[in-house]
Structures are given as structure tokens and as C-alpha cells.
Amino acid sequence: MSEPTPAPGTAPAGTPSPDTRTAGAPALTAFTVPTAPTVPTPATSGRRAFRPLRAALWAAALAVAVAVAVAVPFYLEGFWLQAGLFAMSAAIGAIGITLLTGATGQLSLGHAFFLAVGAYSYVSLSSDAGLPTPLAAVAAVAVAGVSGGLFSPIAGRLRGAYLGIATLGLIFAGQHILFNAEPVTGGFNGRPVPPMELFGLVFADTPELVVLNVPFGSLERLWFLGIVLLAGAAAFAKGVLRGRPGLAMNTIRDHEIAAGVMGVPVARYRAGVFVLSSMYGGLAGVLVALVFQQVVPDYFGVLLSLDYLAMIVIGGLGSVAGAVAGAAFVSLLPQLLTRYSDALPLVAEPGSGGVSPAEAARILYGAAVVAVVLFLPGGLAGLATRLGRVRLKELRWAKSAPAPASRR
Amino acid sequence: MAVFLELLVNGVSVGAVYALIALGFVVIFKATEVVNFTHASLLLAGGYVIARLHPLIGFWAALAAGVAAAALVGALVEFLILRRARAGSRGVPAIVTIGVDILLTTELTRQIGTEVLALGDPWGDRVLRLGPITVAETRVVALVVAAALIVAFLLAFRFTGWGVAMRATAEDAETAALMGVRLGRVSLSAWAVAGALAAVAAVFLCVFPTPGLDRGTAAVAMKAFPAAILGGLDSTTGALAGGLIVGVTETLMNGYQSELAFLGRGIGDAAPFLVMIVILLLRPSGLFGTKEPARV
Numbered sequence: 001m002s003e004p005t006p007a008p009g010t011a012p013a014g015t016p017s018p019d020t021r022t023a024g025a026p027a028l029t030a031f032t033v034p035t036a037p038t039v040p041t042p043a044t045s046g047r048r049a050f051r052p053l054r055a056a057l058w059a060a061a062l063a064v065a066v067a068v069a070v071a072v073p074f075y076l077e078g079f080w081l082q083a084g085l086f087a088m089s090a091a092i093g094a095i096g097i098t099l100l101t102g103a104t105g106q107l108s109l110g111h112a113f114f115l116a117v118g119a120y121s122y123v124s125l126s127s128d129a130g131l132p133t134p135l136a137a138v139a140a141v142a143v144a145g146v147s148g149g150l151f152s153p154i155a156g157r158l159r160g161a162y163l164g165i166a167t168l169g170l171i172f173a174g175q176h177i178l179f180n181a182e183p184v185t186g187g188f189n190g191r192p193v194p195p196m197e198l199f200g201l202v203f204a205d206t207p208e209l210v211v212l213n214v215p216f217g218s219l220e221r222l223w224f225l226g227i228v229l230l231a232g233a234a235a236f237a238k239g240v241l242r243g244r245p246g247l248a249m250n251t252i253r254d255h256e257i258a259a260g261v262m263g264v265p266v267a268r269y270r271a272g273v274f275v276l277s278s279m280y281g282g283l284a285g286v287l288v289a290l291v292f293q294q295v296v297p298d299y300f301g302v303l304l305s306l307d308y309l310a311m312i313v314i315g316g317l318g319s320v321a322g323a324v325a326g327a328a329f330v331s332l333l334p335q336l337l338t339r340y341s342d343a344l345p346l347v348a349e350p351g352s353g354g355v356s357p358a359e360a361a362r363i364l365y366g367a368a369v370v371a372v373v374l375f376l377p378g379g380l381a382g383l384a385t386r387l388g389r390v391r392l393k394e395l396r397w398a399k400s401a402p403a404p405a406s407r408r
Numbered sequence: 001m002a003v004f005l006e007l008l009v010n011g012v013s014v015g016a017v018y019a020l021i022a023l024g025f026v027v028i029f030k031a032t033e034v035v036n037f038t039h040a041s042l043l044l045a046g047g048y049v050i051a052r053l054h055p056l057i058g059f060w061a062a063l064a065a066g067v068a069a070a071a072l073v074g075a076l077v078e079f080l081i082l083r084r085a086r087a088g089s090r091g092v093p094a095i096v097t098i099g100v101d102i103l104l105t106t107e108l109t110r111q112i113g114t115e116v117l118a119l120g121d122p123w124g125d126r127v128l129r130l131g132p133i134t135v136a137e138t139r140v141v142a143l144v145v146a147a148a149l150i151v152a153f154l155l156a157f158r159f160t161g162w163g164v165a166m167r168a169t170a171e172d173a174e175t176a177a178l179m180g181v182r183l184g185r186v187s188l189s190a191w192a193v194a195g196a197l198a199a200v201a202a203v204f205l206c207v208f209p210t211p212g213l214d215r216g217t218a219a220v221a222m223k224a225f226p227a228a229i230l231g232g233l234d235s236t237t238g239a240l241a242g243g244l245i246v247g248v249t250e251t252l253m254n255g256y257q258s259e260l261a262f263l264g265r266g267i268g269d270a271a272p273f274l275v276m277i278v279i280l281l282l283r284p285s286g287l288f289g290t291k292e293p294a295r296v
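Order-wise, the sequence lines are chains A and B.
All residue numbers in the first sequence are consecutive under my numbering, ending with 408.
All residue numbers in the second sequence are consecutive under my numbering, ending with 296.
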């Protein structure tokens with residue numbers, strides 16, 4: 001049995017010994033170097049030792065990120081805001097599917113179905129049932145979770161790629177419902193999405209709002225909602241991965257039988273993660289509906305599900321940061337190629353017979369998926385950790401050079 | 001009654017074509033334990049080559065070229081990509097095939113564009129009258145060809161050295177390798193065979209009464225996925241049964257659409273997947289799939 005890979009959050013980054021060969025044998029170190037100061041060993045269960053410098057760095061990075069995120073709507077035009085909002089929605093959905101496919105090893109091609117459930121439930125609950133919009137959004141996420149739960153007899157029992165094919169059924173069944181249940185879904189033409197209204201603030205172009213001389217339309221307002229939702233979604237997923245559920249999920253992925261023997265209720269976990277990931281999908285669906293302002297069935301097809309799988313593979317399976325990075329890559333690429341198509345070689349205007357920007361984007365990220373699996377296991381997130389590790393090693397070498405025996 | 005019989009014959013014939021596709025899918029799974037999501041685009045590749053070449057070199061030569069091309073594409077995917085991606089966790093190869101599928105399908109649908117390509121088959125729109133029922137000639141040919149290919153394949157699987165190597169690998173790859181079975185060759189040939197079968201299936205998916213090969217053909221080919229999984233991914237019998245179930249359900253649903261109007265338009269397209277979900281609820285490893293026993 002191979003040793004289960006620790007969740008990204010539980011990586012023993014705080015282990016004091018820089019040399020990995022002796023990291024697991026502190027007794028040996030103490031024997032060979034009796035003068036070494038006793039290093040406080042951090043608990044191995046994933047808690048990091050508190051390091052003021054590192055914490056300060058993180059706080060600074062967070063502050064910069066928040067500042068940038070707040071400043072963006074004041075400086076960038078609508079195109080970038082819309083692209084960014086699509087990326088945020090995609091990131092939320094991708095986090096959900098990376099919990100399922102990356103951390104638990106259950107393939108799902110049905111993610112687009114749950115986005116559709118979220119988006120259409122929001123529209124229907126707010127327009128038909130007359131719920132206040134924030135409540136409708138929460139209820140839409142719950143509906144997506146319940147529909148994921150209804151699938152749990154299959155989601156709990158099927159393993160890996162089997163589930164992938166079975167979830168393909170959700171897409172086709174979903175498309176059928178979307179096209180035919182016209183009173184609820186509006187059929188082929190879809191339905192308009194009522195704007196969200198939160199504490200008296202309407203996320204739409206009217207009534208007009210000007211902040212610091214910048215007109216705040218629906219995109220500017222939604223930008224902040226998107227940021228908050230994405231941050232919350234990411235934090236929650238990180239918590240899940242770092243705690244007991246995350247360990248259980250990774251054990252199921254790495255060795256199902258071992259997980260069962262160690263007391264993990266495998267089927268219940270699989271079904272539970274499936275529900276969680278479908279709720280993430282529902283939330284992404286609500287956000288994308290708010291940005292689009294119109295929901296149409298064509299959007300929620302099998303291609304969207306494939307996009308989501310491409311995102312998490314490119315970003316690095318099982319990593320929250322990777323899912324966000326991959327989502328940004330996959331959802332921004334076609335829009336960037338469209339915007340700059342006249343300046344790029346090999347990319348033609350849509351409809352002129354050459355490679356259209358959308359096709360070029362698909363070819364690029366299809367190739368990226370293959371390349372990542374072949375040459376970059378761990379994806380963008382893995383690359384980042386590897387680069388970080390190299391840096392740290394160099395730093396430690398430089399520090400330990402004058403007194404190599406003391407290791408510090 | 002005549003309508004029912006007609007639909008049944010058509011359904012069995014369509015089902016036989018799905019069975020051909022599902023068979024290739026199952027062969028790859030048995031030989032390499034990879035769930036191959038590239039299958040629909042292999043089919044599209046074979047069909048595309050046939051459609052482009054038949055005005056130049058005639059239908060039969062084009063068919064041969066298409067079969068060879070699809071087999072080659074399959075073999076190349078295995079040799080260039082999957083063989084190198086095998087290290088790693090179990091889900092990874094399936095995801096690579098999704099990446100390859102995105103690449104191939106995008107390029108092929110771009111080449112096809114909005115056209116509907118005829119395949120230039122010799123049967124045209126002729127129909128056969130058998131007593132009270134009328135059946136398109138293409139459907140009869142499809143049934144005969146698919147049955148012949150499936151029988152030939154099963155015989156080869158049982159009696160040739162290649163078939164023995166394939167079955168040994170499916171049973172226990174490590175032991176088979178120790179016994180001198182060359183695993184690389186086994187999986188290469190599995191992919192090539194699957195590609196060839198898919199190309200033949202492409203012909204029958206695109207001839208009368210279907211207008212021809214267009215960008216939607218890949219979606220039609222996807223119906224072979226439920227065929228494969230509801231029969232059991234590791235069972236050739238299952239692929240046949242699954243193909244027939246999917247074909248017959250779809251044809252009957254489409255045929256009685258007016259009576260089934262309460263289910264909505266186009267229920268025939270969703271039906272195979274609904275049947276799959278129902279069967280998986282009852283039997284998670286498919287009708288004929290082996291429930292993997294585990295020893296600890």
C-alpha cells in the first residue's frame with residue numbers, strides 16, 4: 001500500500017529539519033549531533049508551528065490581495081470585470097469539483113448539471129415563487145445539494161471513472177428537462193435572471209450609483225459579491241481538506257479498502273462529497289446567472305463539464321489554490337483570445353474559416369491538460385510548491401553554510 | 001403491430017452499431033484499465049476520413065482508409081500519451097483521454113464546420129419489404145456487418161494468441177508480463193482495434209436515414225458510453241447486451257414519441273442515459289460486470 005498523500009494543507013511545512021532524509025528520525029539527529037539545541041517538534045497532525053515572520057508575510061500578502069481586489073472595479077473597464085466575474089464563478093465551481101475528483105478521486109462529468117440546477121432554481125424561486133433574492137440564492141444552492149443527494153445511491157457506490165460515465169447521464173437528462181419543462185425553464189430561449197437585492201443594494205445598472213466618481217453598474221457591484229463568495233468558498237474547502245474529512249477523502253482516493261478498514265464509511269463519504277461538490281456547482285450557477293442576466297440551456301452542456309475537469313487538472317488535482325488558478329486560465333483564455341484576435345497569429349475572426357478564438361482556446365487547454373499530466377504532475381499548484389521549496393532550500397543552505405553541523 | 005416490429009428491427013440494428021462502439025470501449029478497459037473518453041472522437045476521425053476520401057477513391061477504399069486511420073489515431077494516442085501517463089493515481093489516465101478528446105473533437109468539428117458530409121455508401125435510401133414491415137437496407141447491412149464483426153472478434157479473443165494475451169492481461173497484468181506477454185503491444189493493439197471498430201460504426205451511424213456526418217455525430221457516439229457501462233465495463237457480453245438495450249429503447253421511444261408526448265420532445269436522446277441510471281441503481285457494476293472481490 002502506498003503512503004497516502006497528505007492533503008495540501010497538512011503538508012508538514014513546519015518540520016524544522018531541512019533535510020528530508022532525517023526528517024522522520026529526530027532521535028538519530030540527536031545522537032549524532034549531541035550539541036544540537038532541542039528543536040520543538042510541531043505536532044505532526046498538520047498544525048503548523050507559529051512563526052511570526054511567516055504569519056506577517058501572509059498577512060501582508062492578504063492585505064495586498066484585498067487592496068487589489070477592491071481597487072480593480074475603479075480602474076478596469078467592463079470587459080475585464082465581466083471576465084473576472086466569470087473566472088470567479090468558474091473558480092467556485094472548480095473548487096467543488098476538485099473536492100470530488102481531486103481529493104476523493106471520483107470523476108464527475110455532471111458538474112454542468114448542478115450549475116444548471118443552481119442557476120434555474122434561483123431564477124424560478126425568485127421570479128415564480130417570489131422569494132426575496134438572497135433567500136432564493138441560498139435555496140438554489142440547497143436545491144443543487146438535494147439533487148446531488150438524490151444521486152447518492154449511485155454516487156456512493158460507483159468508483160472513479162465509472163461515476164464519470166454515470167454522471168454523463170445527468171447532463172443528458174438535465175438538457176432534456178431544460179428544453180422541455182418550459183413553464184419553469186423557459187425552454188430553448190431560457191429566462192431572464194432577476195438581479196440580486198441585498199440589504200437595499202440592487203446588483204443592477206439601475207438605480208445609478210457613483211462611488212468616487214466611478215459609475216457603479218451591475219458588474220462593479222457584482223464584483224464585490226463574487227469576491228466575498230469566492231473567498232468564503234475557498235476558505236470552507238480549505239477547512240474541509242485540512243481536517244478529518246480531508247484525510248478521509250484522500251485515503252478513499254488512494255486506497256479504498258484501507259480507508260474502509262480504518263473505519264472511514266466509504267460510501268457515505270463519497271455521497272457526502274458529491275453533495276458538497278454539487279452545492280458548490282449550484283453556487284457557481286447562481287453567480288454565473290447573475291453575471292449573464294439570462295440563463296439558456298445550451299450553456300450547461302457536456303462541454304462545460306469538460307471545461308471544469310480541464311480547470312482542475314491544469315491547476316493541480318485536489319488543491320484549492322490550483323482550482324482557482326486553473327479556473328482563471330480556462331475561463332479567461334477564450335475571452336482574451338477573442339479580444340486580441342486581430343493581434344494574434346493563427347487566430348482568425350469568428351466565422352472567417354480559420355481557427356476561431358473559442359476553438360483556439362479549447363485546443364490550447366486540451367493540450368494543456370495532456371501536457372500537465374505528462375510533464376507537470378500536480379499542475380500549477382504543484383509547480384508553485386516546487387518552486388517555493390527550491391527557494392527555501394537555497395535560503396537554508398545559505399544560512400547553514402557557516403555552521404553546517406548545528407543544522408541551524 | 002407492424003409498426004412495433006419495424007421499430008424493433010431498427011432498434012436491434014442501431015443497437016448492434018452501439019454494441020460495436022461499446023465493444024471497443026470494453027476492449028480498451030479490459031486490456032489497460034483505462035476508461036476511454038476519446039472514443040467518440042476516434043469515431044469522428046474515422047468517419048471524417050471516409051467522408052473526405054470517398055469522392056476520390058470510391059467508398060470501399062475510403063472505408064479501408066478510414067478504418068486504418070482511426071486505428072492509427074487510437075494507436076498513436078496510446079503510444080504517445082497514455083503509455084507515458086500511466087504512472088500516477090487511477091483516475092489520471094481517464095482524465096488524459098478527456099484532454100485528448102477535447103483536442104481531437106475541437107479540431108474535427110472545426111474541419112467539418114456546418115457541413116453535413118455524405119459518406120457515399122452504395123446502399124443509398126433503398127428499403128427492403130419483409131411481409132408487412134419495411135426496413136432500410138442500410139439497417140439490415142448494419143446488423144449483418146456488426147454481427148459478423150462481433151463474432152469474428154469474440155472468436156479471435158478466444159482462439160488466437162493475441163486473444164489469449166489480451167485475456168491474460170485483463171486477468172492479471174503483472175503475471176501476464178512475467179509470462180512473456182508484452183503489455184505495450186497488448187494495449188497498443190487494443191486501442192487500434194477499438195479505433196477500427198469505431199470507424200466501421202461511424203459508417204452506419206451516418207448513412208440513411210441519418211443525413212450524414214456532421215458535428216453532432218460525436219454526441220450520437222456518446223450513447224455508446226451508457227451501453228458499455230450498463231452492460232458492465234469489463235464484460236464483452238455486457239457490451240452487446242448494453243448496445244441492444246440502448247438501441248431498442250432509443251428507437252422505441254422515438255417511434256412512439258407522439259404517445260409519450262408527456263415526457264417531452266426528444267426523449268429518445270435522453271432515454272439511454274435514463275435507462276443506464278435505473279440499471280446502475282439496481283446493479284452498480286452493470287448487468288454482466290464482475291463485482292470486484294477484494295482481499296486484504
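Treat the hints with care, as some may be off.
Take a look, some chain B residues computed to stay more than 10 Å from chain A by CB distance [said to hold, decoys possible]: (1) 35; (2) 37; (3) 64; (4) 98; (5) 101; (6) 128; (7) 170; (8) 181; (9) 225; (10) 256; (11) 266; (12) 273; (13) 276; (14) 284.
To be clear about the criterion: a stretch of chain B counts as covered by chain A if any three or more of its residues have a C-beta under 8 Å from a C-beta of chain A, and this derived list gives those stretches [stated by the list, open to error]: (15) 14-20; (16) 76-85; (17) 139-145; (18) 189-201.
Just so you know, these hints were derived from the structure itself, not from any lab.
Cβ atoms here follow ideal geometry from the backbone N, Cα and C, with glycine treated the same way.
Are all C-beta atoms of chain A more than 10 Å from that of residue 64/B? For residue 64/B, whose nearest Cβ neighbour in chain A is about 29 Å away, the distance exceeds 10 Å, so it holds.
Beyond 10 Å from every chain A Cβ: check whether that's true for residue 37/B. violated, 8 Å
Confirm or reject: residue 170/B is not an interface residue toward chain A, with every Cβ-Cβ distance exceeding 10 Å. holds, 16 Å
If we take the beta carbon of residue 256/B, is the closest beta carbon in chain A still more than 10 Å away? holds, 16 Å
So is the segment 76-85 of chain B in contact with chain A by the C-beta rule, three or more residues under 8 Å, or is the coverage claim wrong? With 3 residues in contact (Cβ-Cβ under 8 Å with chain A), the coverage given for the segment 76-85 of chain B holds.
Non-interface claim for residue 273/B: all C-beta distances to chain A beyond 10 Å? Answer for residue 273/B: violated, closest chain A Cβ roughly 4 Å.
Given coverage of the segment 189-201 of chain B by chain A, tested with a Cβ cutoff of 8 Å and a minimum of 3 residues: n = 0 at 8 Å, threshold three: violated.
Given as non-interface: residue 35/B, which should sit over 10 Å from chain A by C-beta: Check fails; 4 Å does not lie beyond 10 Å.
Separation of residue 181/B from chain A, once the least beta-carbon distance is taken, above 10 Å: Answer for residue 181/B: holds, closest chain A Cβ roughly 24 Å.
Beyond 10 Å from every chain A Cβ: check whether that's true for residue 98/B. It is violated; residue 98/B is separated from chain A by about 6 Å at its closest Cβ, not greater than 10 Å.
Reported absence of residue 101/B from the contact zone with chain A (all CB gaps over 10 Å): violated, 8 Å
Take the segment 139-145 of chain B, compare each residue's beta carbon with every beta carbon of chain A, and decide whether three or more fall closer than 8 Å. With 0 residues close enough to chain A, the hint is violated.
The earlier numbered hints that this structure contradicts are 1, 2, 4, 5, 9, 11, 12, 13, 14, 15, 17, 18.
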